[in-house]
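> Using the sequences plus the hints, can you model the full thing?
So the sequence lines, in the order shown, correspond to chains X and P. If you're matching positions, the first sequence starts at 1 in the numbering used here and goes up one per residue. If you're matching positions, the second sequence starts at 1 in the numbering used here and goes up one per residue.
Rather than coming from a laboratory, the hints here were simulated on the basis of the structure. One or more hints might be untrue.
Each computed SDA-like pair below joins lysine to any residue, with the alpha-carbon atoms no more than 20 Å apart [to be verified]:
hint: 1; chain 1: X; residue 1: Lys-349; chain 2: X; residue 2: Ser-42
hint: 2; chain 1: X; residue 1: Lys-475; chain 2: P; residue 2: Val-96
hint: 3; chain 1: P; residue 1: Lys-16; chain 2: P; residue 2: Gly-125
hint: 4; chain 1: X; residue 1: Lys-228; chain 2: X; residue 2: Ala-269
hint: 5; chain 1: X; residue 1: Lys-475; chain 2: P; residue 2: Glu-88
hint: 6; chain 1: X; residue 1: Lys-475; chain 2: P; residue 2: His-98
hint: 7; chain 1: X; residue 1: Lys-475; chain 2: P; residue 2: Lys-89
hint: 8; chain 1: X; residue 1: Lys-475; chain 2: P; residue 2: Ser-95
hint: 9; chain 1: X; residue 1: Lys-475; chain 2: P; residue 2: Thr-81
hint: 10; chain 1: X; residue 1: Lys-475; chain 2: P; residue 2: Ala-94
hint: 11; chain 1: X; residue 1: Lys-475; chain 2: P; residue 2: Asp-92
hint: 12; chain 1: X; residue 1: Lys-228; chain 2: X; residue 2: Asp-208
hint: 13; chain 1: X; residue 1: Lys-205; chain 2: X; residue 2: Pro-80
hint: 14; chain 1: X; residue 1: Lys-475; chain 2: P; residue 2: Ala-102
hint: 15; chain 1: X; residue 1: Lys-475; chain 2: P; residue 2: Leu-101
hint: 16; chain 1: P; residue 1: Lys-89; chain 2: X; residue 2: Ala-467
hint: 17; chain 1: X; residue 1: Lys-475; chain 2: P; residue 2: Asp-105
hint: 18; chain 1: X; residue 1: Lys-475; chain 2: P; residue 2: Arg-148
Not close to chain P: a few residues of chain X, all C-beta gaps over 12 Å, as computed [said to hold, decoys possible]:
hint: 19; residue: Arg-16
hint: 20; residue: Glu-21
hint: 21; residue: Pro-83
hint: 22; residue: Phe-256
hint: 23; residue: Ala-423
hint: 24; residue: Leu-432
This one's a predicted model, so the numbers in the text were calculated from it and none came from an experiment. Backbone N, C-alpha and C fix where the C-beta goes; we use that ideal spot for every residue, glycine too.
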Amino acid sequence: MAKFNLLEEPWIPVLRGGRVEEVGLEEALLKAPEIARIETPSPLEEAALHRLLLAVLHRALGGPSRVEEVGAWWQEGHFPLEPIREYLDRYRARFYLFHEEAPFFQVADLPEKDPLPWSKLLPELASGNNPTLFDHTTEENLPQVGYAQAARALLVHQTFTPGGLLRRHGVPSANGAPLAGAAAFLPTGTNLFETLLFNLVPYQKGEDAPLWEVPPLRLEDLEGHKTKWPLSGVTRVYTWPSRGVRLLDEGDGVRFMAYGPGVEPLDVAFRDPMVAYRKDAKGNLLPLRLSVEKAFWRDFGAMLPQVEGAPPSTVNAADELLGYLEEEGLDPLPTRGLRVLGQVSDQAKILDMRREVYPLPPKVLSVKAELNLGPALERAEALGRGLRGLAFLMAREVLGSGEPGELSAFAASLPLERLYWHALDGSFPALLERLGKEGDRAFWEEALRRAALEAWAATRVALGTGARHLKALAKGEALLLSLLAEKEEVKR
Amino acid sequence: MKEGARVFLARLEDLKGRKTWTPARAALRRSLAFEPGTYPPAIGMVEPLLPGEAEGWIREAYYLVAALYALKDGEHREGRTLAQALREKAGDSASVEHRFLALLDADRDQIAFRLRQSVVLVEGGLDFARLLEDLLAWFSPDRRVQARWAREFYGVKEEEKEEVKA
Chain X
1 MAKFNLLEEP WIPVLRGGRV EEVGLEEALL KAPEIARIET PSPLEEAALH
51 RLLLAVLHRA LGGPSRVEEV GAWWQEGHFP LEPIREYLDR YRARFYLFHE
101 EAPFFQVADL PEKDPLPWSK LLPELASGNN PTLFDHTTEE NLPQVGYAQA
151 ARALLVHQTF TPGGLLRRHG VPSANGAPLA GAAAFLPTGT NLFETLLFNL
201 VPYQKGEDAP LWEVPPLRLE DLEGHKTKWP LSGVTRVYTW PSRGVRLLDE
251 GDGVRFMAYG PGVEPLDVAF RDPMVAYRKD AKGNLLPLRL SVEKAFWRDF
301 GAMLPQVEGA PPSTVNAADE LLGYLEEEGL DPLPTRGLRV LGQVSDQAKI
351 LDMRREVYPL PPKVLSVKAE LNLGPALERA EALGRGLRGL AFLMAREVLG
401 SGEPGELSAF AASLPLERLY WHALDGSFPA LLERLGKEGD RAFWEEALRR
451 AALEAWAATR VALGTGARHL KALAKGEALL LSLLAEKEEV KR
Chain P
1 MKEGARVFLA RLEDLKGRKT WTPARAALRR SLAFEPGTYP PAIGMVEPLL
51 PGEAEGWIRE AYYLVAALYA LKDGEHREGR TLAQALREKA GDSASVEHRF
101 LALLDADRDQ IAFRLRQSVV LVEGGLDFAR LLEDLLAWFS PDRRVQARWA
151 REFYGVKEEE KEEVKA
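Written as structure tokens, this is what we have:
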């Protein structure tokens, strides 16, 4: 009953020759240079699929050990094909979505009692206490899903599921998946091949093994969290079994799944290559998360080495590869970028999913760029704080001395801070492009100023034109001007 | 419009220069007790000074400014707006500010009365051409006149104003 082999069956959505189509894993790797990119509306799926492809590459190629190795593949224009074919042939049997002994990323003997709807795999589908983000399916009329989509949902779930109550098979609650609370950084090139090369971090085969190289997990391994693995090793983390899942085949699709705990992760000193870390007040390295109210770039400074953060290894690897290519006289990339992918969660509740796209100039992490980026971000934050104070002043003027709650609600209703950050969201990529070049500071000063004035103009319109509103605006304007003036002093 | 206000002011100044100014001033002041443009003795004086097309609120604004000009005995001071004058008067006084805010919110029924109150309050001359211009645009839906008055009253310096408007 082995069925739907993920190496052969089409299930990875890609953009090729201007069209979106689905390909198997083997084709995605062997034909990577002709594929523009993995093309999916879900940022989580995009991250999870890349991690799977990268895990296969690391194992099949047994590396890369150094940037020269990646550079050589780049120059050849494709991966070494034979090792990949051989590797995939060796493990082909472990890539069936349905299999009696070893279904891919699942547990074969998970009991069917109390099945869950498959939609529980995805945070964006409404179920349980998920807020409804985009979707209007309900558990009562759950549609059947095709194998390809079920496979992608499974992958997303294992990579992103948040921690929380479980109460199954002797396990009261379970940890979040590796990317449950962290943003994934994916440098991208002009095609899938380049993208994958950018993300191949230095790797040694050593202690590491992806899920398909170890014996299949059984229910008894998972009961009461009997099996614990250290959360370390690139491909083990990329293919971490966060939960026990068994998709229940209905012959032409999936509606339900058996569900249970996964392997319990033991905390060890290991950094996920796609994750950025910053140091908190106590000196612990914490992964950078996405948050509801701000775009990721505002935390960009937190991961720079000068503030003792750690950029993601993938960004480092891409940076090194770009440097190497430049030295070799090959720098053919007009469209390299950096994608920040992930979810925004409040404990086990998924509030949003994000895909933020930035340019990736060479040496973005170099010392000079770093020196300019830090202060640029600080100035943006300082002016942002000033605008928040300004919003409060306006609230006080309009409401008189109201309840504090009322005041802050009113202040928050003004578009001031929101529009300011929104305008800067648009300017930040341009700053990244310019960083370290002549005039980058002046550019940013002007962007900040324009953002503040635009936000102010919108606030004028939003506030109203009664006498007390006009009074608030007149006083607010005076404060705004002093805020903008302060900033200019900093510049000098 | 701007030109119209200048011309009107010049005509008022001309009126003030004549011997008949004293009785004219008295009639114009008295007209403030009536709806603008309805007190017959003032009509004879102001009507010849109006631009041809003045009707409705525009006509009333001219009458109002003529009366306020008389109230101040023709003390015109270039560039000094009512809001600035009130600001100088206000100091720490909350009542002047209240009156100013009431003036900003004045509708067509109240504006004559409130303007008169405010003009009486301030010391020294005012720029009546500017006042006329402002009154002509008083009921425009964007209320930019009132917004500028608030700015003048609550103290943003002239040279800074341009930046924020940009």
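> Now look at each hint and say whether the structure bears it out.
Hint-by-hint comparison with the structure:
For the suggested pair Lys-349 of chain X and Ser-42 of chain X, the alpha carbons sit about 17 Å apart, so the restraint of at most 20 Å is met. For the hint pairing Lys-475 of chain X with Val-96 of chain P, the CA-to-CA distance comes to about 17 Å; that is within 20 Å, so the pair holds. The suggested pairing of Lys-16 of chain P with Gly-125 of chain P holds, with an alpha-carbon distance near 15 Å, which does not exceed 20 Å. A hinted pair counts as satisfied when its Cα atoms are at most 20 Å apart, and Lys-228 of chain X with Ala-269 of chain X qualifies at roughly 16 Å.
For the hint pairing Lys-475 of chain X with Glu-88 of chain P, the CA-to-CA distance comes to about 16 Å; that is within 20 Å, so the pair holds. In summary, the hint linking Lys-475 of chain X to His-98 of chain P is supported, as the alpha carbons are separated by about 16 Å, within the 20 Å threshold. Among the hinted pairs, Lys-475 of chain X with Lys-89 of chain P is consistent with the structure: their alpha-carbon atoms are about 18 Å apart, no more than 20 Å. At roughly 18 Å between alpha-carbon atoms, Lys-475 of chain X and Ser-95 of chain P fall within 20 Å of each other, so this suggested pair holds.
Distance restraint check for Lys-475 of chain X and Thr-81 of chain P: the Cα-Cα separation of roughly 18 Å lies within the 20 Å cut-off, and the hinted pair is therefore satisfied. About 16 Å separates the Cα atoms of Lys-475 of chain X and Ala-94 of chain P, which keeps this hinted pair within 20 Å; it holds. Proposed proximity of Lys-475 of chain X and Asp-92 of chain P is supported: the alpha carbons are some 16 Å apart, at most 20 Å. With a CA separation close to 15 Å, the supplied pair Lys-228 of chain X and Asp-208 of chain X stays within the 20 Å bound.
Restraint check: the Cα-Cα separation between Lys-205 of chain X and Pro-80 of chain X comes to about 17 Å, which is no more than 20 Å; the hinted pair holds. At roughly 17 Å between alpha-carbon atoms, Lys-475 of chain X and Ala-102 of chain P fall within 20 Å of each other, so this suggested pair holds. For the given pair, Lys-475 of chain X sits about 14 Å from Leu-101 of chain P by alpha-carbon distance, which is consistent with the 20 Å threshold. In summary, the hint linking Lys-89 of chain P to Ala-467 of chain X is supported, as the alpha carbons are separated by about 19 Å, within the 20 Å threshold.
Between the alpha carbons of Lys-475 of chain X and Asp-105 of chain P the distance comes to roughly 17 Å, so the proposed pair stays at or under 20 Å and holds. At roughly 12 Å between alpha-carbon atoms, Lys-475 of chain X and Arg-148 of chain P fall within 20 Å of each other, so this suggested pair holds. At the 12 Å boundary, the C-beta of Arg-16 of chain X stays outside the reach of chain P, the nearest C-beta of that chain being 48 Å off. Against chain P, the non-interface label of Glu-21 of chain X holds: every CB pair exceeds 12 Å, the least being about 50 Å.
Residue-level check passed: Pro-83 of chain X sits 62 Å from the nearest beta carbon of chain P, beyond 12 Å. Distance check for Phe-256 of chain X against chain P: the nearest CB is about 60 Å away, which clears 12 Å, and the non-interface claim stands. Residue placement check: Ala-423 of chain X keeps its beta carbon more than 12 Å from all beta carbons of chain P (closest about 15 Å). The Cβ of Leu-432 of chain X sits about 27 Å from the closest Cβ of chain P, beyond the 12 Å cut-off, so the non-interface label holds.
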